[in-house]
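Same order as they appear, the protein sequences are chains A and B. If you count by the working numbering, then the first sequence holds residues 213 to 658, one letter each, in order. If you count by the working numbering, then the second sequence holds residues 106 to 225, one letter each, in order.
Take every hint as true, because none was put in to throw you off.
Chain B stretches covered by chain A per the calculated footprint, using a threshold of three residues with CB under 8 angstroms from any CB of chain A:
1) 168-181
2) 185-198
3) 208-217
Because the hints were derived from the structure by calculation, they are not lab data. A virtual CB, placed ideally from N, CA and C, is assigned to each residue, including glycine.
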Amino acid sequence: MNWLADAGELGRMIRDADWSTTELGAMDTWSPSCQTAIGICLRSPVPAVLFLGRAERLIYNDRFIPFLPAGSHPAALGQPGASVSQMVARGTFATSPIVGVDGVAVEGKLCMYAGPPRASTMDDVHELRAAVDLVGLGRYRSDPLTQAIEWDAHLKAMWDLTPDSPVDLAVFLRGIHPDDRDRVAAALGQSVDPAGDGVCDIEYRVVGVNGGFERWVATRGKTVFEQDRVVSFHGVVLDISGRKRAEQTNVMLIAELQHRTRNLLAVVDGLAQQTLASCKTLTDFAVPFRQQLATLSRVQGLLSRGEASPVMISELVELELSALGAKPDGVRVIIGGPDVALPSRSVQILALGLHELATNARKHGALASRDGQLSVTWTVDDNGGARRVLLKWEETGIVARGASDAERVGLGRTLIEESLPFQLDAETRLVIGSDTVRCSVALALE
Amino acid sequence: MTTPEQRTPRVLLVEDEHIVASALSRGLRVCGAEVIGPAATVEKALALIESTPTIDGALVDINLRGIQAYAVVDSLIAKQVPTVLATGYETSVVPNRYRSLVVLQKPFDPADAMTALGLS
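Assemble the whole structure, with the sequences as input and the hints as a guide.
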């Protein structure tokens, strides 16, 4: 069996198999052309398979194993070809007959791998139809004989028409947003001008023939000319409302961001003037102003979370205290109250007020005294249907250091007594005692 | 005897952000104005327009606590009060019917508002 030497795993298996019980007979009876074909198949550098004899029994090389139905190797060897026929679908095979030495008898066929399966089904009509449905394309075209406009059911649905409704140019225009009709008519006019490229590519709003809704669509159409005469046109319409909504949201967000930024700059400008007015020298100005900027910066972080995640009063209090190194420990620094979501427009001014109170506590008050105690607590009351939060800031055990009351509250007093009532209609009170600081803020929550 | 030229011009200030309103008030005063307000809401601004006999000019932020302040602007126009608008938005957000008014983008110098009001 030299002709099976060096023919891979399959070569050995063929040699060891008992063929005498098949119609092919024992191996030593096989014809030379058959043996040659088997040799070519087994030593082929590409996957190859032989269908041998009347029953088209399967003989294949090592490389062909992956093309067999999973798990069918080695049982498939010598089996009638019909039982494993689906394997050919996994690739394209070039087939040639094995002709006997007499030049007449066909002893089988040799199939050699020639490439991946043909892309046969991609352009299939049903597949295209499914794709059109998936994308939600509406289609239109002119009837080549009558020149009448034809729309598919998708397109009619976009115009709020039933599938059997007749359509014409008037119906088409009636379903378009009045502000967009002229623009669309102009684009259509251009696309049927033989001097142009015949392409219509435009986005516009559709309100339907009965009005009552608004959707954005994109149209792409093509007019075909023959000697400057329109012979047909066809095209597709796609609903792009989702994309348009996202674009509009973007434009709105950018405008809001501009608004916020410019207002913030105006606030920074105002803070700078206010702080400057309270300073004796420019050197006194730098530290408090930088701290105010840091407070504004922290607030922007909180507010950028958006409406879905409101700022809680506890996190604002903790944020401003921890910025000055004061951590609630339940002894010297006490924070407590129910969960309260702050109205977003109250956050910035409240943060600035808390920052000033905390700064004063650190410099002159409870946080500067060994036995000082700071407690920030809040409750919510109904106030006859108008829910509000009552915030209490209390410092006790302060050891007076001779700073004047004006120095001890600084800008805090303006923010607490003027800004909060003006801006938030809050009721506030700030009392500076010799060894205490008490501040209360009542703020509407709706 | 006080002629209108010698009288301190009265400027109504409508602005809802207190820190900004304070700074503008101070700036307008430095420019020689008497400040009416500031008013933080449409209602308060309308009440001030109603209760102030003579207003020589008005500076109005067109967005007050998220509400557009055009009711205030309309009331000022009806009383022929020179009015300047202020906004953090693009000036193009101002409706066409107010196009004749000067729109200042924040932040701005109060002196520019006085100039736009013809009071400098």
